[in-house]
Structure formats: structure tokens, C-alpha cells
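Those protein sequences? They're chains A and B, same order as listed. For what it's worth, our numbering labels the leading residue of the first sequence as 1, then goes sequentially. For what it's worth, our numbering labels the leading residue of the second sequence as 1, then goes sequentially.
Incorrect hints may appear among the rest.
[To be verified] No more than 27 Å apart at the CA atoms, straight line, and that leaves these computed lysine-lysine pairs for DSSO-like:
{"hint": "1", "chain 1": "A", "residue 1": "K156", "chain 2": "B", "residue 2": "K76"}
{"hint": "2", "chain 1": "A", "residue 1": "K252", "chain 2": "B", "residue 2": "K76"}
{"hint": "3", "chain 1": "A", "residue 1": "K66", "chain 2": "B", "residue 2": "K377"}
{"hint": "4", "chain 1": "B", "residue 1": "K288", "chain 2": "B", "residue 2": "K232"}
[Claimed, not checked] FRET-style restraints, in silico, Cβ to Cβ:
{"hint": "5", "chain 1": "A", "residue 1": "A222", "chain 2": "B", "residue 2": "G352", "range": "53 to 63 Å"}
{"hint": "6", "chain 1": "B", "residue 1": "L369", "chain 2": "A", "residue 2": "I259", "range": "30 to 40 Å"}
{"hint": "7", "chain 1": "B", "residue 1": "P406", "chain 2": "A", "residue 2": "V128", "range": "50 to 60 Å"}
{"hint": "8", "chain 1": "B", "residue 1": "P12", "chain 2": "A", "residue 2": "A69", "range": "14 to 24 Å"}
{"hint": "9", "chain 1": "B", "residue 1": "V96", "chain 2": "A", "residue 2": "V128", "range": "21 to 31 Å"}
{"hint": "10", "chain 1": "A", "residue 1": "V23", "chain 2": "B", "residue 2": "P12", "range": "54 to 64 Å"}
Hints are computed from structural coordinates only; laboratory data are not their basis. C-beta atoms are modelled at their ideal positions from N, C-alpha and C, and glycine is treated no differently.
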Amino acid sequence: MKDTKGIYQLSLQSKVVLTFTSVIALAGFVWPFFYVGNLQWIFVVAIAASAFLLVSEVGIGSIDAKSIALLGVMSAFITLLRPLGAGAAGLEPIWFALIIAARVFGPSWGFLLGITSMTTSALLTGGVGPWLPYQVFAAGWIGLLAGALPQRFAGKLIRGAAEKVMLIVVGIFASFAFGILMDLQFWPWVLGSSTQLSYIPGGALSENFSRFITFHFASSMAWDIPRAILTSVLIAMTATPFLRALRRTYFKAAFLTPIEFKSALQIKN
Amino acid sequence: MITFNSVSLIYPHSLHTVFEDLSFTIDEGEMVLVIGATGSGKSSLLRLINGLVPHHTGGILAGDISVDGISTSLTKPGGLAHLIGIVGQNPIHGFVTDTVEEELVFGMEALNFAPDVMRKRVEEILDLLSLAHLRARSISTLSGGEQQRVAIGSALVMHPKVLVLDEPTSALDPIAAEEVLSILHRLVHDLGLTVVISEHRLERVIGFADRIIAISADGKTEIDIPEEILKKSPIAPPIVHLARALNLDSVGTSVREVRRMTTHLRDFTPLVSQPRHTYGETVVTINKLSHFYGEKVALREVSLEFKSGEITAVMGRNGAGKSTLFKSIVGFHKSIGGQITVLGTDPTELHGHNRLATIGYIPQEPSDLLIHPSVAKECAASDRDNGLEDGSTFAFLIRLTPTINPDAHPRDLSEGQRLSLVLALILCSGPNVLIMDEPTRGLDYKAKSLLVDTLISYSRNLGKCVLIATHDVELVAEVADRVVFLADGDVVADGSTLDVLLSSPAFAPQVAKVMSPAPWLTVKDALRGIAAATGKDSQE
Chain A
1 MKDTKGIYQL SLQSKVVLTF TSVIALAGFV WPFFYVGNLQ WIFVVAIAAS
51 AFLLVSEVGI GSIDAKSIAL LGVMSAFITL LRPLGAGAAG LEPIWFALII
101 AARVFGPSWG FLLGITSMTT SALLTGGVGP WLPYQVFAAG WIGLLAGALP
151 QRFAGKLIRG AAEKVMLIVV GIFASFAFGI LMDLQFWPWV LGSSTQLSYI
201 PGGALSENFS RFITFHFASS MAWDIPRAIL TSVLIAMTAT PFLRALRRTY
251 FKAAFLTPIE FKSALQIKN
Chain B
1 MITFNSVSLI YPHSLHTVFE DLSFTIDEGE MVLVIGATGS GKSSLLRLIN
51 GLVPHHTGGI LAGDISVDGI STSLTKPGGL AHLIGIVGQN PIHGFVTDTV
101 EEELVFGMEA LNFAPDVMRK RVEEILDLLS LAHLRARSIS TLSGGEQQRV
151 AIGSALVMHP KVLVLDEPTS ALDPIAAEEV LSILHRLVHD LGLTVVISEH
201 RLERVIGFAD RIIAISADGK TEIDIPEEIL KKSPIAPPIV HLARALNLDS
251 VGTSVREVRR MTTHLRDFTP LVSQPRHTYG ETVVTINKLS HFYGEKVALR
301 EVSLEFKSGE ITAVMGRNGA GKSTLFKSIV GFHKSIGGQI TVLGTDPTEL
351 HGHNRLATIG YIPQEPSDLL IHPSVAKECA ASDRDNGLED GSTFAFLIRL
401 TPTINPDAHP RDLSEGQRLS LVLALILCSG PNVLIMDEPT RGLDYKAKSL
451 LVDTLISYSR NLGKCVLIAT HDVELVAEVA DRVVFLADGD VVADGSTLDV
501 LLSSPAFAPQ VAKVMSPAPW LTVKDALRGI AAATGKDSQE
């Protein structure tokens with residue numbers, strides 16, 4: 001089995017833009033802890049704009065026709081998977097596909113897949129709203145993370161059972177992380193101001209943080225646990241054939257194979 | 001128009017060159033046919049023309065290729081899209097939209113044409129390819145020939161100067177193939193388009209080609225007029241083999257030419273002697289079988305019997321009921337009227353090992369049966385399923401194709417190798433009835449003759465019953481003992497191959513057309529027949 005590298009690399013410029021927009025997006029998630037007032041709409045706009053900036057930035061970079069075609073096909077596949085779970089009780093059958101595909105094709109492509117698949121599937125499930133930019137960024141990060149997992153451990157390729165376990169761990173982590181991130185953007189608005197768990201604008205960080213954690217455990221663990229279980233089960237069941245099929249695509253489509261042109265004389269000698 | 005100047009090509013991870021020092025020129029308005037065995041590099045040659053090789057596949061290209069003065073090493077395939085149209089083997093794989101009109105417009109949208117230009121072009125192409133009545137149809141509802149015409153249309157709509165077609169008819173039945181080829185013929189003659197086409201069923205295209213590029217197995221290429229290439233090429237249609245076998249001075253490319261060259265061989269009364277086989281007991285009995293899909297009648301009170309040791313070809317148009325008949329025999333569905341018994345049992349009640357040993361079914365797309373990631377694993381699974389000794393399926397496969405790589409992924413095999421693999425998987429359990437739906441789609445001559453030999457030995461030596469649904473008259477002539485002809489769910493004709501094929505000129509194989517009225521279907525028949533007749537003549 002050959003080593004697989006990410007099918008395309010972000011340029012330095014794109015990496016700067018990615019870091020910058022990710023910081024803005026992260027600020028969009030955590031501002032209630034630090035700022036008094038309502039910044040939600042500013043960040044909705046900022047996140048959407050930075051996502052757009054990022055996509056156009058990488059679009060003019062080194063991404064080639066084959067990577068884009070693959071991105072389209074996989075986004076369509078994930079988009080079709082999403083309505084199957086309808087998101088009820090956290091049963092979202094999309095994370096396993098995102099994680100496995102990102103594992104094969106690398107972090108930069110995985111980030112793009114997270115963004116495109118979340119956006120297109122939102123159109124199909126009617127899930128377009130102020131929460132969408134948050135979901136898009138969270139999915140992008142999960143793709144980035146799964147793509148950035150190490151290919152080798154102690155000089156040996158990570159394949160087979162070890163790889164499956166690693167992906168399941170990432171799947172569980174991603175399921176919980178996604179739950180926390182979604183709660184963060186949701187919690188300041190959902191409870192009103194009078195309950196024990198409500199957000200206190202301008203309150204102490206520790207107070208708000210403990211209220212948030214309590215809120216998260218009280219309300220959303222019921223979603224995160226089924227999400228983590230479903231994702232783990234799907235990875236455990238599909239990882240072997242799915243990884244094999246995608247790796248075969250990787251080699252068949254000849255990503256990153258060198259192209260050379262020589263004059264007729266050169267090859268004879 | 002197209003110039004190859006000492007071109008050599010090496011793919012990545014490969015040690016040998018696909019082409020070495022290949023040079024030729026194709027002029028404007030020429031129709032050039034590329035022939036060669038599967039895997040010899042036909043597709044690579046075609047894809048070099050628009051730069052997909054090596055821009056999309058990787059590899060080292062030496063020498064220079066230019067099309068209309070543009071070098072493919074300096075321009076990416078996208079930059080040649082307006083100049084070169086490319087059409088693939090299976091049109092469905094290339095479609096991006098749902099309806100005919102949208103598909104025609106798609107390429108122009110990508111190249112940023114003005115709306116009024118697009119509108120005019122679409123109308124022009126709809127007329128040129130006789131697609132006007134299909135303009136609003138969903139592509140998935142079209143027949144294979146119509147789909148391939150749409151694919152050609154969406155390439156032509158960009159007004160390319162060169163049209164490249166990679167085996168455009170191999171996924172089509174003969175009628176659809178005829179439709180596509182006659183359109184191409186018209187395009188070359190009316191528009192002066194340069195066409196480069198690869199094909200392996202030469203009998204269909206040979207009459208249209210101006211020149212042939214023949215790629216031999218060792219990578220040598222020749223370019224010449226058809227008559228010269230066909231004198232010695234191992235890849236040739238039946239009439240050329242006939243002309244060679246009869247030692248005619250030249251080879252003809254059409255039935256008419258060869259018929260005129262062989263008048264002297266036909267002025268005696270031929271002997272009608274066909275070797276008769278004796279068949280075994282009845283294996284499949286079908287009694288007044290009817291089947292409906294909603295209102296549509298698929299089969300109407302069909303009664304047939306098939307015996308062991310007999311190879312039967314089931315022919316008929318698409319939708320005539322061939323596949324329904326086969327599915328009923330296999331036991332995919334319960335028949336709505338009438339009954340079927342296979343060795344005395346209702347086929348829907350066969351299960352497990354008993355089923356494997358009774359009925360072997362190879363669907364139209366043989367790769368549907370392949371689920372394992374390598375040839376070796378596929379064979380091992382078959383040993384397990386059939387309770388055979390380890391390695392027996394693979395041993396069987398090696399007899400069919402000695403060169404197969406056991407580690408290859410089944411989907412990476414050539415069509416011929418894939419069919420051999422499926423045949424090995426099915427035949428190693430020795431089913432009493434072997435059923436094949438359209439086995440020759442996409443096969444070259446070599447793979448086809450392998451199939452013929454395998455089927456004949458399976459049926460004659462082991463005394464098994466074989467059923468094939470096919471449009472391929474030449475295959476029927478070679479292999480079948482009996483022909484059943486279906487139309488609209490009725491059995492229209494049922495008799496020996498000779499009687500059924502000769503009764504209608506539309507179904508006669510090429511050799512029979514040349515040798516008519518002599519009842520010879522294949523080159524072998526004709527040679528044997530002539531020898532017998534002339535031997536008798538000299539005795540008198």
C-alpha cells in the first residue's frame with residue numbers, strides 16, 4: 001500500500017486566510033463569554049463573508065479539475081445522506097462520510113468538503129438560517145482534522161484496524177465537538193433570561209461557562225450521544241470498503257502524478 | 001489537422017513505453033479508424049489528441065503533438081475544448097444534465113457563448129442529428145443509440161474541427177450502432193469534419209474509414225488504407241477472414257465486393273449437410289408462460305423446452321421479452337401465468353448450493369457479480385461458496401486467460417478478462433443451465449472467440465444446457481445450435497440456427513450473405529462446404 005498525500009496543498013496565502021477566517025469564526029462561537037451586547041448578526045455576516053473569501057481564495061489556487069470533480073461528487077453523496085437522518089435526536093449520517101473521505105484526500109480538501117457538503121445539504125433539508133455559517137465552519141474544521149491525522153506511526157503506515165479505531169475516536173470527538181459548538185451559538189438565545197441556565201450578558205466568564213456546561217449537559221447530551229454512536233457504528237461498518245474504494249479512486253485518478261514533456265531526442269538517449 | 005511527431009509515451013508506475021517514436025499526420029476531413037487488441041493503447045492514442053494524456057493521467061510524453069497548429073504540451077485539455085470534441089464508450093457516463101436540450105447547451109455555457117449563438121447552435125444540432133423530436137425528453141428515457149447521438153451532438157455543438165470517438169458503439173445493440181455510424185458517415189461527408197474513431201467490431205465501420213491506424217501488441221503502429229492493413233491484420237471482420245481463407249487476390253471491405261470476387265466459387269450446387277448433434281434430456285420446461293409489467297405484456301403464453309447439450313440463442317429487439325424470459329428461468333420473479341420447471345423444480349424454490357449447481361446466470365453487466373477487491377479473493381470466495389478445493393476456481397480461470405494478474409482489482413480488468421473471471425466463477429460449480437444476457441458487449445475478436453470456445457466445450461463435453469440472449473448474429477452463427485426469436489412477447493421463430501438465420505437477410509451473418517444461396521454461416525462452414533462440393537465435382 002502506497003502512502004497518500006493530500007490531493008492538493010493550500011498556498012501560504014490561503015493558509016493565512018484560513019487561519020484568519022477560522023479565528024473570526026471561533027470568535028463568533030465564543031463571544032458570549034467575553035462581550036456584552038449582541039454580536040450575533042455581525043458574526044453571521046463575518047463568517048459567511050470569510051467562508052466565501054476562503055473558497056474563492058483556494059479556488060484560484062492550485063486546485064485542479066479532478067479535485068473539483070471529486071469534491072462535487074462527494075458533496076452530492078453527503079448531501080443525499082443528510083435527509084436520511086433528518087437530524088432528529090442527533091442521528092446525522094453524514095459525519096462518517098466526511099471523516100473517511102477527508103482521511104484519504106487530505107486536510108485542505110477535507111476542509112473544502114466540509115464547507116461544500118454542509119452548504120449544499122442545507123439547501124436540501126431546508127436548514128438555511130443564521131445557524132448555517134456556524135455549521136459550515138464546524139464541518140470544515142472536522143474535515144480539516146480528519147484529513148490531518150497522521151499517515152504513519154513509528155515509521156509504519158496506519159492502516160487496517162488501527163486506522164479504523166483512530167477514525168472512530170475522531171468520529172466520537174467530532175460528534176461531541178459539533179454538539180458543543182452548535183450549543184454555543186444557540187444557548188444565548190434559547191432560554192430567555194430568567195432561568196438558572198440562561199446566559200448572563202456581561203456576566204463573569206466562570207459563571208457563564210459553568211452555566212453553559214450545565215445547559216449543554218442537560219439539554220444536548222441526548223443529541224450528542226446518539227450522534228457519536230451512529231457515527232462510530234457507521235465508521236466501523238463502512239470504513240474498510242469505503243476507504244478501499246476511495247484509495248482506489250485516488251490512484252486511478254492519478255492525483256499528484258508527475259507530468260513531463262520532453263523532446264523526442266531526450267527519451268531516446 | 002493532427003500531427004504526431006516522433007511521439008513516445010510512458011505512464012507513471014510503468015516500465016515500458018506505450019508508444020515509441022510514433023509519427024503520422026491526419027488531414028482535414030479524413031475519417032481514421034484506430035484498431036488494436038484490448039490494452040494495446042487505442043484509448044491512450046485517442047486521448048493524446050486532446051491532451052487528456054498526459055495532462056490528466058500523468059506520465060512522460062516525448063515528441064510533439066499538434067492539432068490545428070496548437071501543441072498539446074503547451075495547452076491544457078480545457079483550452080482545446082472548442083477544437084476537439086470527444087465521445088466515450090458509454091454515453092451515460094458522460095452526461096451532466098437531465099434533458100437533451102440542457103445537455104447540448106452545457107458545453108457552450110462552460111465556454112461562455114452568447115445566448116443567441118447557443119440558441120442557433122442547439123437548433124442546428126437538433127436537426128443535424130435528427131434529435132428535434134427528443135429535445136425535451138429526459139436523457140435516461142432514451143435508447144442507447146439516441147443517447148450516443150446526444151453525446152455526439154453535445155460534442156459537435158461547440159463546432160469542433162476534430163471529433164474523437166472511443167469505441168462509440170460497443171455498448172450499443174447493432175441497430176443503435178448502425179444509427180450512430182450512419183450519422184458519423186454523414187458528418188464526415190457533409191461537414192468535412194476530421195474524425196478519429198476506435199472500434200473493435202470492424203464489420204460495422206470498415207466501409208467508412210479512409211485510413212486505419214493499426215496498433216499491434218508489441219506497440220508497433222502502422223497507418224495505411226484499409227485494404228493494405230487488412231491483408232495481414234489479425235483483427236479483421238469475417239468477410240476479410242473469408243477472403244484470406246479463399247486466397248482471393250485482394251480483401252474487400254463490403255459484402256458486395258467480396259460477393260463479386262467469389263462468383264466462381266458459387267457456380268455449383270452446394271451440399272446441405274450440417275453436422276447434427278444429439279441432445280440429452282429436457283432440462284428446462286416452460287409451459288404457457290406469461291408475464292406483465294403493469295399493462296405492458298412482456299411474455300404471452302410462451303411454451304419452450306431446452307435440452308442438455310444444446311446451445312440456444314434467444315434473439316429479438318430490445319423490449320421483446322428476452323430478459324424477462326431469462327429472469328423467469330433464473331427464478332428472479334414468480335411467473336404470473338404458466339409454469340417453469342428446471343430439472344423438475346420450480347426455479348424460485350432453488351436455494352443455496354442447490355441453486356449454484358442448477359442455474360448459472362451472467363447478467364448484461366458481468367461486473368455486477370464481482371464484489372471482492374481482487375481476482376484472487378473473488379476466486380477464493382467462489383471455492384468457499386461452491387464447496388470446492390482451494391484454488392480450483394483460479395485454476396479454471398488460468399485455463400481461460402493465462403495472463404490474468406491475481407492481485408488486480410476486478411474492475412481494472414479488460415472486458416474480456418472480466419468476462420473470463422465471471423465465467424470461471426459461474427462455471428466452476430458446473431450449473432446444469434448456463435444463462436448469459438448479451439455476453440459480447442464490449443468484447444474484441446479475441447475475447448469473443450475465447451467465449452465461443454468456452455461455451456461450446458461446456459455444452460458439448462459436459463452436456464450442459466446453455467442459453468444466450470444476444471443481438472450479435474456472428475456470435476449466433478459460431479456458437480448456437482438453435483435460435484428462438486422473440487417479438488413483442490411472442491415466439492416468432494424457433495428452429496435450427498441455419499434455418500432461422502438464413503430465412504431473413506437482416507439476420508444473416510456476413511459469410512452467409514456473401515455465399516448465399518449456399519447455407520454456410522461461418523468461414524469454417526464455407527471452407528468445409530467448398531472443399532466437399534469441389535471434391536465431389538472432381539469425382540464426377
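Hint by hint, here is what the structure shows:
Taken as a hint, the K156 (chain A) and K76 (chain B) pair is broken in the structure, with Cα atoms around 38 Å apart against an allowance of 27 Å. Under the criterion of a C-alpha separation no larger than 27 Å, the hint pairing K252 (chain A) with K76 (chain B) is consistent with the structure, at around 20 Å. Straight-line distance between C-alpha atoms of K66 (chain A) and K377 (chain B) comes to about 30 Å, which puts the hinted pair past the 27 Å bound. Distance check on the hinted pair: K288 (chain B) and K232 (chain B) sit about 52 Å apart at the alpha-carbon level, beyond 27 Å; violated.
Checking the proposed 53 to 63 Å range against A222 (chain A) and G352 (chain B) shows it is violated: the Cβ atoms sit about 45 Å from each other. The supplied range of 30 to 40 Å is met by L369 (chain B) and I259 (chain A), whose beta-carbon atoms lie about 37 Å from each other. Checking the proposed 50 to 60 Å range against P406 (chain B) and V128 (chain A) shows it holds: the Cβ atoms sit about 51 Å from each other. Between P12 (chain B) and A69 (chain A) the beta carbon distance is about 20 Å. The supplied range of 14 to 24 Å therefore holds.
At roughly 25 Å, the beta carbons of V96 (chain B) and V128 (chain A) sit within the given window of 21 to 31 Å. Remark: the range hint 54 to 64 Å for V23 (chain A) to P12 (chain B) is contradicted by a beta-carbon distance near 40 Å.
Consistency note: the structure conflicts with the earlier hints numbered 1, 3, 4, 5, 10.
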